[in-house]
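Those sequence lines, one after another, are chains X and H.
For reference, each letter of the first sequence is one residue, going 6 to 314 in our numbering.
For reference, each letter of the second sequence is one residue, going 70 to 366 in our numbering.
Treat the hints loosely; a few may be bogus.
Claimed, not checked - List of simulated lysine-lysine pairs, DSSO-like, C-alpha gap at most 30 Å:
#1 X:LYS27 with H:LYS221
#2 X:LYS27 with H:LYS137
#3 X:LYS244 with X:LYS187
#4 H:LYS221 with X:LYS159
#5 X:LYS229 with X:LYS309
Claimed, not checked - Partner residues are not named here, just some residues of chain H that face chain X (Cβ under 7 Å, in silico):
#6 VAL136
#7 GLN140
#8 THR178
#9 GLY180
#10 SER190
#11 ILE208
#12 LEU210
#13 GLY211
#14 MET212
#15 GLU241
Hints listed in this document are in silico derivations from the structure and should not be mistaken for laboratory results.
Using N, Cα and C, we set each Cβ at its ideal position, and we do this for glycine too.
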Amino acid sequence: MSVAMRDAFGNKLAEIGKHNDKLVVLDADVSSSTKSAIFGNAFADRFFNAGVAEANMVGVAAGMATAGFHPVVNAFSIFLALKSTDQIRNVLCYNSLPVVIAGAYGGLSDSFDGASHQSIADIAIMRALPNMEVIVPADSRQAELALEYALTKKKPVYIRLNRNAMPELPEPENFGSAKVIKLREGKDVTIAANGITAAMTVEAGEILAKQGIDAEILSIPFVKPFDADGLATSVAKTKNLVTVEEHNILGGFGSAALEALASKNLTYSYIPVGIEDTFTETGPYDELLAAYGLSAEGIVGKVKSLLKK
Amino acid sequence: MDDKVKSILAKRESKDLSAAELAALAASFRLEMFDVLHQRQTGHWGGASSAAEINTALYFKRMNIDVKNPQWEDRDRFILSKGHASMNLYTILAHRGFFPPEDLPGFRTLGSHLQGHPSMSKTAGVDMSTGALGHGLSIGLGMALAAQMSGKKFWTYILSGEGCLNEGQTWEAVMMAAKYRPERLVYMIDYNKVQLDGTSQDIMPLDPLKEKFEVFGWNVAQDDYDGHDVNSILDSFAWLDSPGTWPRLVVYNTVKGKGVSFMEGKNAWHGAPIDVDSYNKGRVELLADIAKKEAAL
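Extracted from the complex, chain X is given alone in its bound form (with noise of 0.2 Å):
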């Protein structure tokens, strides 16, 4: 197991802010949860608290982006995206202000608060939103190369965060410009993979190989820009895919790939993993996950009846 994401991500804004003096970072009175209070308790005069105030929290940021610095707006993914909404579309999108955008505890890995705190429609909400790029790491060194990569942009990039630690893959090359990351080459089934997911679709890829099943995994942090082509040259090798994304299957990655492909003429079998449009529940995350089919025995199961075997 790797560090926890968060922990990595906090580390990599203090670190960032050492030799970036235009690297400002707001907190929505969560930053001993978020871990930007590392940023903070080095950099206390380019850290702002802004209470339980999202909306005002990344208006402020907007400003400060318009006055030469990058911020970095850190709160739950989910009241983030609920919670402005307009300002993160009007001001940021609409202006293309560098402004980075932390989702903290995405998708269900706040699993004991509940599906108040889960958050299984932020990728829809962000990607419809022009000028925003989307990026949902797997692990928490991509959570670093997508805090890098966000502060090379001019424009607003969306982060998913995840709250815990995980399966470390392997270092990706080029992160921002090698969209897709293959992480196991295969003819049967192409499965792509959307942030956390990476870890137990690679297992579910052990599993398959020992019933017969050649998978190629691969995982796909960008959900915006979508790396169509590489996805594409997968799926015309296999003629099968499978989705997994720890969202609501309606509007996020597997929506995304779709829409993707829906260009390059290619005929192939499609089935989602995800949330299945429903509200979740409180419980331990892993367990919590595989109850909605997230897991590496959920996504063999749906392989299999993909493939009819």
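Got chain X sorted already, so can you dock chain H onto it with the hints?
Same frame as chain X, but now just chain H:
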């Protein structure tokens, strides 16, 4: 636009304009807005008219800006939080020199840089896109904090109406501004007391407005300023330059639809198209006001 107004505009860069000259400019701008809004049959007369003198005084007397370099990093910032008054901002920016006044009739037409509500990426001189109400103070606070972090001395002005004060975001920003207290952050209320659906008293009572800001920790101008009397507006500027704490609130008493008697104070004229009869009658009144203001020069 007559020769007297043109001669005032000729010395706009000096900022050495008298109150009477500023009043004549505002009256002239008001007529030009009225003409374009009638011509286009879309836009917001009521709130544009109520802001005319305040914004004219800001841009022609007070703000430190460079029309040849709209993105000058040390410039004073202005956010029209009540973005529906865009026609007023555009008229002022054009005559201040950011773009040709000949562009004004293109307001709200396809392909024009003059969007229905201000867009900073399309119109030179617009410091922030607005339209969705309640954003201005948060963004202005961010600008003022950026000045503080970078050691710059520029001012940030936000002009707001009642609608922005209905929005919860504004009160989030009121609290945060009082927490960090950046200097030269000025929140100005164009208090015409009429909203889209009716009077603010009927829609969402705001009084006692100044007292609310005081208990939130703001430095509030105690005087009642008349937002249509340039001398009174200049008094408010003098107060901004007086010693004291930050952030600061200035409330201007104004009249929605000011200048056309039968439109004044009427929520129906918040954003209704100006019909031919109303236009012809209103134009007579606005011309008379220009004549009166020019007679005082």
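Here's how the hints hold up against the structure:
no. : hint                   : result
1   : X:LYS27 with H:LYS221  : 14 Å, holds
2   : X:LYS27 with H:LYS137  : 26 Å, holds
3   : X:LYS244 with X:LYS187 : 17 Å, holds
4   : H:LYS221 with X:LYS159 : 22 Å, holds
5   : X:LYS229 with X:LYS309 : 29 Å, holds
6   : VAL136                 : 18 Å, violated
7   : GLN140                 : 10 Å, violated
8   : THR178                 : 20 Å, violated
9   : GLY180                 : 18 Å, violated
10  : SER190                 : 6 Å, holds
11  : ILE208                 : 4 Å, holds
12  : LEU210                 : 5 Å, holds
13  : GLY211                 : 2 Å, holds
14  : MET212                 : 4 Å, holds
15  : GLU241                 : 4 Å, holds
When each numbered hint is compared with the structure, violations occur for hints 6, 7, 8, 9.
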